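If you're matching them up, the sequences are chains A and B in order. Here the first sequence stands for residues 6 to 440, where the numbers follow the numbering used here. Here the second sequence stands for residues 6 to 440, where the numbers follow the numbering used here.
FYI, nobody ran anything at the bench for these hints, they're computed from the structure. Keep in mind that the hints are not guaranteed to be accurate.
If several chains are the same, the list does not tell them apart, and a pair holds so long as it fits within one copy or across any two.
[Stated by the list, open to error] Pairs of lysine-lysine residues, derived as DSBU-like cross-links and limited to a Cα-Cα distance of at most 35 angstroms, are as follows: (1) K217 with K156; (2) K255 with K152; (3) K255 with K79; (4) K79 with K315; (5) K152 with K182; (6) K107 with K255; (7) K152 with K206; (8) K192 with K30; (9) K407 with K255; (10) K383 with K181; (11) K188 with K79; (12) K64 with K156; (13) K217 with K182; (14) K383 with K192; (15) K408 with K107; (16) K383 with K107; (17) K79 with K206; (18) K407 with K79; (19) K407 with K107; (20) K192 with K152; (21) K315 with K408; (22) K61 with K255; (23) K97 with K206; (24) K182 with K383; (25) K79 with K64; (26) K192 with K156.
As the structure is a computational prediction, the values presented were derived from the model and not from experiment.
There are 2 protein chains.
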Amino acid sequence: MTTASICTIGDEILIGQIVDTNSSKISQALNRIGVKVQYMLSIGDDRNEIITKLDKCLKQTNIVIVTGGLGPTKDDITKDALASLSGASGYKESAEQLAIVKRILGARHIELLDINLAQAQVPNTCEVIPNQLGTAPCMRFTFEEDKYGHKAVLYSLPGVPYEAEGLLDDILEDIKKNFTLEKIIHKNIITFGVAESVLSKQIESWEDALPKWLHLAYLPNATIGIRLRLSCYGADDPERVRRMDEETEKLREILGNTVYGTDDDTLQSILPRLLQCPPEAARQETISVAESCTGGHLSELITSIPGCSKYYNGSVTSYSNSVKINVLGVNPEIIANFGAVSRECAEAMARGVANLMDTDYSIATTGIAGPDGGSAEKPVGTCWIAVAHRDRTTGDTEVVSKKILSMSASRDVNIKRFASNALDLLRRFAEQRLF
Amino acid sequence: MTTASICTIGDEILIGQIVDTNSSKISQALNRIGVKVQYMLSIGDDRNEIITKLDKCLKQTNIVIVTGGLGPTKDDITKDALASLSGASGYKESAEQLAIVKRILGARHIELLDINLAQAQVPNTCEVIPNQLGTAPCMRFTFEEDKYGHKAVLYSLPGVPYEAEGLLDDILEDIKKNFTLEKIIHKNIITFGVAESVLSKQIESWEDALPKWLHLAYLPNATIGIRLRLSCYGADDPERVRRMDEETEKLREILGNTVYGTDDDTLQSILPRLLQCPPEAARQETISVAESCTGGHLSELITSIPGCSKYYNGSVTSYSNSVKINVLGVNPEIIANFGAVSRECAEAMARGVANLMDTDYSIATTGIAGPDGGSAEKPVGTCWIAVAHRDRTTGDTEVVSKKILSMSASRDVNIKRFASNALDLLRRFAEQRLF
């Protein structure tokens, strides 16, 4: 099996000032083409450490993907370390990357400096894969079998996440040319609303009966729910693929309506399907949002899906009571009698925003995200969520609501849980209504 | 110098289905107390691999922090591997963690299963640091000098981010008891609106004159801007600390109003200070937001700051033109004549939301986040942003606006850039007005 390691370079990672998102993007891509990522490593901007550790990576895996340390400034030393590791006798200019550097800085009206021009200079031991989105090119270093006991290829990418991502397709093509790859298939079943331990109990006997080449993993995520990932090794065998499909179907049956999607689905990405009314029809119902404690996050989740303007009209973030009353039309007596964090207020907010924005559905949240505030009766982590649907024919509005109690002291975690539970309430309500 | 490595365990990391955020949180904490993180490593759920790699980590660094693989399900094998690595002769029960397991599952009304009870069982070679936020405890394994040539301590934490974070303070205290630590101080100067290469040119001669123990790094971030981090090694020496303060001051002077903050400041965290009017006064001016293309992200950024309800009234996400017209009061002729993505529309949205929510300031965004849409004249990545301020005494409203052209094809990157540029426009406008 062709193996890979991913190495991110930069002191900023080691002191924790940035989160490495490149490694997960790169490993997703490698897994897709059947390259097994053996490990990921982060090291600092230290020339000797870079050389030593990359040398080890090349010994242990066929492919090494390096990101970071290619910027124009003095603390970026990856290129120099790679020149030394590959035994380069000097540097050469990449005419293609030089043209890109000039184009990018020109478009931004940034003065072209020597340090910018130097970005098109690369060790004479490498091949350049041009980076259309940034000034530093991707460099490929190939090591023949006599050096590491196996053919090894190292790709060096810039650390800026969208630049690294933009280069991935070219790198995958290049890898396919250089290596013969085994096939792995992953399938995901996405669930929301049931705890990991309960889920695992439900599927225990099914899981125990799986063949060795079919592997199950649990991936809990506050926004998405629990993803159950089935991985089929040796997927060139059509019998294995057939069995995998069969087992996936069995899993869905056991879990029932806890399952809301597959593969990369999220509670927000399934909205276009969910809002088709009737199912398979062209008409999309519309939706609006009223948020208090989630502060815009629910709207952000919905608008993260391209094309959402077909069904999403908009939202009101009503952070003050005056906005709840004057913009959403919540009766001030509701707030006086029940408080802003109450079933009554959530339902009034949902009705109010649907009227204001003239939508079929609406979602509302009102709660206490913390870390401060709350009371014994309504502690930090309490949130009321409501979903409303107005029937276009009869004009009747149906409202459902639910109280969430998140056990976290983290504002960020609470906001995420409130928003995803609100989307799940919409999902369950719409599925029940439609199917 | 006391060194550490951080090792995250889980196939879900290696196939890229989750992004590892634990490592950065942990390394931030370690750096704060003067422990140098030498490297970070991610490996899969493979018993032998876990044992081999952790053994190497213990050889190379004094402290090893392990996260992940402690869940109740079959694919979580870290505990078993650690039992073997530490030569445990069996398991023991942590009464304290067992009580927590019962309390947490009880509060969530989840049935207590054998796999839950097993989470309080730990190898008899470790000490338990109880985890109040989750069911799996933190385990500490201590290895005396004869095993690795130096004293080595391994901490195993659950992989759930807020649980791992919740344990960090206890772990730092424990490390301080076990090791004598060198002192490192980091200072950050936060800038927005100038490209990395231009910035680096501006400070080149200053940077060249820095002493060896004072190290500068550039940390670009789409939401925050470019953070310039100065790290002072050997900060027990008061002369070094004095020099560091002096150099930080010089740096601020060179960069002028490109600098908006220090340390962990963000464009949203400085709002409380920015909205004090007059400066040093108790009165906070208020703000509201109207978003089109940023879809709720701007509001989410503002509400990520605890206590923002003092100055933030709320927002309207006007994803459809009808909401722009009917809720925000944008004149339909503006949209007909100039389009929704125009200076005129952005300014009308800013005026409209300030009136609707009765605030001193307001921010508006309208643009094309992509990946689809746009035209030759208004390509994907175009956004108009506007900031309005109403003078309470005269009733006059002043509006400034600006066009942003983000060069990215990524919806997510564009949305982040639009929102941060909008906050920066507010910042520059408010600073100019006030100071």
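To see whether the hints hold, each was checked on the structure:
1. When the C-alpha separation of K217 and K156 is checked against a cutoff of 35 angstroms, the pair qualifies only within one copy, where the shortest distance is 29 angstroms, while the shortest distance between copies is 40 angstroms.
2. In this assembly of identical chains, K255 and K152 lie within 35 angstroms of each other by CA distance neither inside one copy nor across copies; the values are 49 angstroms within and 49 angstroms between.
3. With identical chains, the CA atoms of K255 and K79 are at most 35 angstroms apart between copies only, with a shortest distance of 19 angstroms across copies and 57 angstroms within one.
4. Taking CA atoms no more than 35 angstroms apart as the test, K79 paired with K315 passes in neither setting, with 48 angstroms inside one copy and 43 angstroms between copies.
5. In this assembly of identical chains, K152 and K182 lie within 35 angstroms of each other by CA distance solely inside one copy; the values are 20 angstroms within and 46 angstroms between copies.
6. In the homo-oligomer, the alpha carbons of K107 and K255 lie at most 35 angstroms apart only across protomers (32 angstroms), although the nearest pairing inside one protomer, at 56 angstroms, exceeds that limit.
7. For a Cα distance limit of 35 angstroms, the shortest separation of K152 from K206 qualifies neither inside one copy, at 50 angstroms, nor across copies, at 40 angstroms.
8. Proximity of K192 to K30 under the C-alpha cut-off of 35 angstroms is found in both arrangements, the shortest distances being 17 angstroms within a copy and 31 angstroms between copies.
9. In this homomeric assembly, K407 and K255 come within 35 angstroms of each other (Cα to Cα) only inside a single copy, at 31 angstroms, whereas the closest approach across copies is 56 angstroms.
10. Taking the shortest alpha-carbon separations for K383 and K181, neither the intra-copy value of 57 angstroms nor the inter-copy value of 38 angstroms comes in at or below 35 angstroms.
11. Only between protomers do K188 and K79 lie at most 35 angstroms apart by alpha-carbon distance; the minimum there is 25 angstroms, versus 42 angstroms within a single protomer.
12. Taking CA atoms no more than 35 angstroms apart as the test, K64 paired with K156 passes in both settings, with 10 angstroms inside one copy and 29 angstroms between copies.
13. With identical chains, the CA atoms of K217 and K182 are at most 35 angstroms apart within one copy only, with a shortest distance of 30 angstroms there and 45 angstroms across copies.
14. Proximity of K383 to K192 under the C-alpha cut-off of 35 angstroms is found in neither arrangement, the shortest distances being 40 angstroms within a copy and 40 angstroms between copies.
15. Taking identical chains as interchangeable, the C-alpha atoms of K408 and K107 lie at most 35 angstroms apart only when they sit on different chains, with a minimum of 23 angstroms there against 56 angstroms within one chain.
16. Taking the closest pair of Cα atoms, K383 and K107 come within 35 angstroms of each other only across two copies (23 angstroms); inside a single copy the shortest separation is 58 angstroms, beyond that limit.
17. In this assembly of identical chains, K79 and K206 lie within 35 angstroms of each other by CA distance solely across copies; the values are 11 angstroms between and 55 angstroms within a copy.
18. Taking the closest pair of Cα atoms, K407 and K79 come within 35 angstroms of each other only across two copies (33 angstroms); inside a single copy the shortest separation is 55 angstroms, beyond that limit.
19. When the C-alpha separation of K407 and K107 is checked against a cutoff of 35 angstroms, the pair qualifies only between copies, where the shortest distance is 25 angstroms, while the shortest distance within a copy is 56 angstroms.
20. In this homomeric assembly, K192 and K152 never come within 35 angstroms of each other (Cα to Cα): the closest approach is 38 angstroms inside a single copy and 43 angstroms across copies.
21. In this assembly of identical chains, the alpha carbons of K315 and K408 lie at most 35 angstroms apart whether taken from the same copy (30 angstroms) or from different copies (26 angstroms).
22. Taking the shortest Cα distances, K61 and K255 never come within 35 angstroms of each other, neither inside one copy (43 angstroms) nor across copies (42 angstroms).
23. In this homomeric assembly, K97 and K206 come within 35 angstroms of each other (Cα to Cα) only across copies, at 24 angstroms, whereas the closest approach inside a single copy is 60 angstroms.
24. Proximity of K182 to K383 under the C-alpha cut-off of 35 angstroms is found in neither arrangement, the shortest distances being 60 angstroms within a copy and 39 angstroms between copies.
25. In this assembly of identical chains, the alpha carbons of K79 and K64 lie at most 35 angstroms apart whether taken from the same copy (29 angstroms) or from different copies (32 angstroms).
26. For the homomeric pair K192 and K156, the shortest alpha-carbon distance inside one copy (31 angstroms) is at most 35 angstroms, but the shortest distance between copies (44 angstroms) is not.
The structure is inconsistent with the numbered hints 2, 4, 7, 10, 14, 20, 22 and 24, although it conforms to all the rest.
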